[in-house]
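Here's the letter readout for the chains.
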Amino acid sequence: MQEWMRWSVGDRLILLLARDVVFMKALVNTLLFALVVVPAQAFLGLGLALLVNKAVRGISLYRTVYFVPVVISMVVVAQLWGALYNEDPGVINAMLGAVTLGAIGPIDWLGDPAMALFSIMALSVWQGVGFHMIIWLAGLQVIPPMLYEAARIDGAGRWAEFRHVTWPGLRHTAVFVFVIASIQAFGLFTQVDRLTGGGPLDTTQSVIFQAYERGFGKQDVAIGSAISVVFFALVLAVTLVQRFLGRERRGAVR
Amino acid sequence: MTALRRFVRGLEWGSLSRHAVLIFFAFVFAFPLVYMAMSSLKSPAQMTSDSSSIAAFLPTGDLSLTNYEIVFEIAPVGQFLVNSLFISGVVVLAGIVVNSLAAFAIARMRWRARGLLLTIILATLILPFETIAVPLLFVVSRLPTLVFEGGTVELGEGWLNSYHVQIFPFIAQAFSIFLFVQYFRSLPVELDEAARMDGASWFTIYRRIIMPLSGPVVATVAVLTFLPMWNQYLWPLMVTQTEDIRPVMVGAAYFGQWGPFGMAYMTLVTVPVLILFIVLQRRFVESIAASSTTG
Numbered sequence: 675m676q677e678w679m680r681w682s683v684g685d686r687l688i689l690l691l692a693r694d695v696v697f698m699k700a701l702v703n704t705l706l707f708a709l710v711v712v713p714a715q716a717f718l719g720l721g722l723a724l725l726v727n728k729a730v731r732g733i734s735l736y737r738t739v740y741f742v743p744v745v746i747s748m749v750v751v752a753q754l755w756g757a758l759y760n761e762d763p764g765v766i767n768a769m770l771g772a773v774t775l776g777a778i779g780p781i782d783w784l785g786d787p788a789m790a791l792f793s794i795m796a797l798s799v800w801q802g803v804g805f806h807m808i809i810w811l812a813g814l815q816v817i818p819p820m821l822y823e824a825a826r827i828d829g830a831g832r833w834a835e836f837r838h839v840t841w842p843g844l845r846h847t848a849v850f851v852f853v854i855a856s857i858q859a860f861g862l863f864t865q866v867d868r869l870t871g872g873g874p875l876d877t878t879q880s881v882i883f884q885a886y887e888r889g890f891g892k893q894d895v896a897i898g899s900a901i902s903v904v905f906f907a908l909v910l911a912v913t914l915v916q917r918f919l920g921r922e923r924r925g926a927v928r
Numbered sequence: 042m043t044a045l046r047r048f049v050r051g052l053e054w055g056s057l058s059r060h061a062v063l064i065f066f067a068f069v070f071a072f073p074l075v076y077m078a079m080s081s082l083k084s085p086a087q088m089t090s091d092s093s094s095i096a097a098f099l100p101t102g103d104l105s106l107t108n109y110e111i112v113f114e115i116a117p118v119g120q121f122l123v124n125s126l127f128i129s130g131v132v133v134l135a136g137i138v139v140n141s142l143a144a145f146a147i148a149r150m151r152w153r154a155r156g157l158l159l160t161i162i163l164a165t166l167i168l169p170f171e172t173i174a175v176p177l178l179f180v181v182s183r184l185p186t187l188v189f190e191g192g193t194v195e196l197g198e199g200w201l202n203s204y205h206v207q208i209f210p211f212i213a214q215a216f217s218i219f220l221f222v223q224y225f226r227s228l229p230v231e232l233d234e235a236a237r238m239d240g241a242s243w244f245t246i247y248r249r250i251i252m253p254l255s256g257p258v259v260a261t262v263a264v265l266t267f268l269p270m271w272n273q274y275l276w277p278l279m280v281t282q283t284e285d286i287r288p289v290m291v292g293a294a295y296f297g298q299w300g301p302f303g304m305a306y307m308t309l310v311t312v313p314v315l316i317l318f319i320v321l322q323r324r325f326v327e328s329i330a331a332s333s334t335t336g
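Just so you know, the sequences run in chain order U and X.
First residue of the first sequence: 675, per my numbering; consecutive thereafter.
First residue of the second sequence: 42, per my numbering; consecutive thereafter.
Next up, chain U with everything else stripped away, as it sits in the complex:
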């Protein structure tokens, strides 16, 4: 399909990419992946940070356990979850069956086109959320305790306290978390490579997986590089949004 387009170079290749069905699928999948994984990691990370930001017994052990997946290679994480996702007998299916009393039958997590991308999202959230928890935690700990005291004197409830003290204090952290999570999400590669190879029916193709397959697998450096440029544009767009949000915040506060 690509052969007769070989002669074109430079900016034209991007136009050709736009007509490439597999690449467009990869682009849509990657955006969808980021759209789910980024908020999931960010908000779950915030929830965990609020949970472990209290001095109860054994709290540092909990923090350690939540953070451990972050230091493990994505290769190991992907292959391990591949085993857990096994259809029958499979650990995840067994747990699901036990919780729902058998109402939800064994699911082919990675082989079903409707489930494969979701399954990859789930393991990615599991791996990355501890990282964001630590960033939120660092943000939480620089909010002056004075503000909480003032809120309590004013009779603020828990929600009001979060809404008017915690969240505004975390605005800068929030922007950072979302940017880092987005850049990581756009880089989706290892999970796809180790688990699905882009299938089933191209439902787990990703931008970087395409760059790798074309640029390395098929030795087409030009297409691979063109895809890398599209990827760069994605990352740059996110960073510019961060800049914009950061500036707006500064203007609003002072």
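Simulated from the structure, these hints should not be mistaken for laboratory data.
Don't be surprised by glycine CBs; every beta carbon is placed ideally from N, CA and C.
It is possible that some hints are incorrect.
To be verified - Computed beta-carbon distance windows for the label pairs:
| # | chain 1 | residue 1 | chain 2 | residue 2 | range |
| --- | --- | --- | --- | --- | --- |
| 1 | X | T186 | U | Q815 | 31 to 41 Å |
| 2 | U | V702 | X | F244 | 48 to 58 Å |
| 3 | X | S58 | U | V702 | 35 to 45 Å |
| 4 | X | P85 | U | G732 | 42 to 52 Å |
| 5 | X | S203 | U | I817 | 29 to 39 Å |
Unchecked claim - Computed from the model, here is a short list of chain U residues facing chain X with C-beta under 8 Å:
| # | residue |
| --- | --- |
| 6 | M698 |
| 7 | L724 |
| 8 | L770 |
| 9 | V909 |
| 10 | A911 |
What the hints assert, rightly or not - Computed footprint of chain U on chain X; a stretch qualifies when at least three of its residues, placed anywhere within it, have a C-beta under 8 Å from a C-beta of chain U:
| # | segment |
| --- | --- |
| 11 | 89-98 |
| 12 | 120-133 |
| 13 | 307-316 |
Please arrange chain X on chain U, whose structure you already have, making use of the hints.
Coordinates of chain X only, in the frame set by chain U:
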């Protein structure tokens, strides 16, 4: 029993529900790893029959290290481990020297445009490695290399399938430079001034005064360099073709199909990282917290 009752009475409802949530999440994050470690000790049949019950997370049946022995027979695992250790080790050592020197020049010496240079270096932080992987592959495949053959030295082309192609691209790291700059700036200027009076050269100040004071930041940079190098996958997958120079994560493909051998291999390559993490936990957490204030 009385101790337990006292413990339960001591808990308020709020803290009880908090504990329940804490334990639930601890299970969520730990169960895959417990499964991995347990399965690595079981026979294939045992692992299969256990995987649809709670036994998947328990040391059931005959436990042995047989899987670990078999893993070394299936693939040159010892070689993979040596390769990863060598590549990561060299990058860590060279990275500490190169990045601290760059940071020293930026943080301690006065010259035009050093602020601009730092800004440019930090700007590269937004570029994930994936962006440049394919173009970089093209570049390294064309770099000149020395070929030793039968006593003569020839100039060959291409760096592919070597140790150095896995080392050089990762020595200079913007984030390491950033961490060093921050730390060096926190050291008093008077140190340099006094040494300059005594006629010390800049390099002597770097080597004899600044670096000996920089233990904590060196440790942080070492950890933050070692971890991604050990866990690396995309780049070595593209640039290595033979087993004698492949690192551990590329080697994982030999054990891709689940089963206890895969579990044994994955446990084997994860344990060093876990030990490093548990020993140096504070460094990890501090450096991540530092990254969020980069701006």
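Consistency of the hints with the structure:
1. X/T186 with U/Q815: 31 to 41 Å: 50 Å, violated
2. U/V702 with X/F244: 48 to 58 Å: Since U/V702 and X/F244 have Cβ atoms about 54 Å apart, the given range 48 to 58 Å holds.
3. X/S58 with U/V702: 35 to 45 Å: 41 Å, holds
4. X/P85 with U/G732: 42 to 52 Å: 36 Å, violated
5. X/S203 with U/I817: 29 to 39 Å: Given a distance of about 50 Å, which is not inside 29 to 39 Å, the answer is violated.
6. M698: 19 Å, violated
7. L724: Because about 10 Å separates U/L724 from the closest Cβ in chain X, which is outside the 8 Å limit, the hint is violated.
8. L770: 11 Å, violated
9. V909: At 6 Å from the nearest chain X Cβ, U/V909 passes the 8 Å test, so the hint holds.
10. A911: Since the shortest Cβ distance to chain X is 11 Å, the answer is violated.
11. 89-98: Contact hint for the segment 89-98 of chain X vs chain U: holds, 6 residues under 8 Å.
12. 120-133: violated (count 0)
13. 307-316: Satisfied; 5 residues make the cut.
Hint compliance for this structure: hints 1, 4, 5, 6, 7, 8, 10, 12 are broken, all remaining hints hold.
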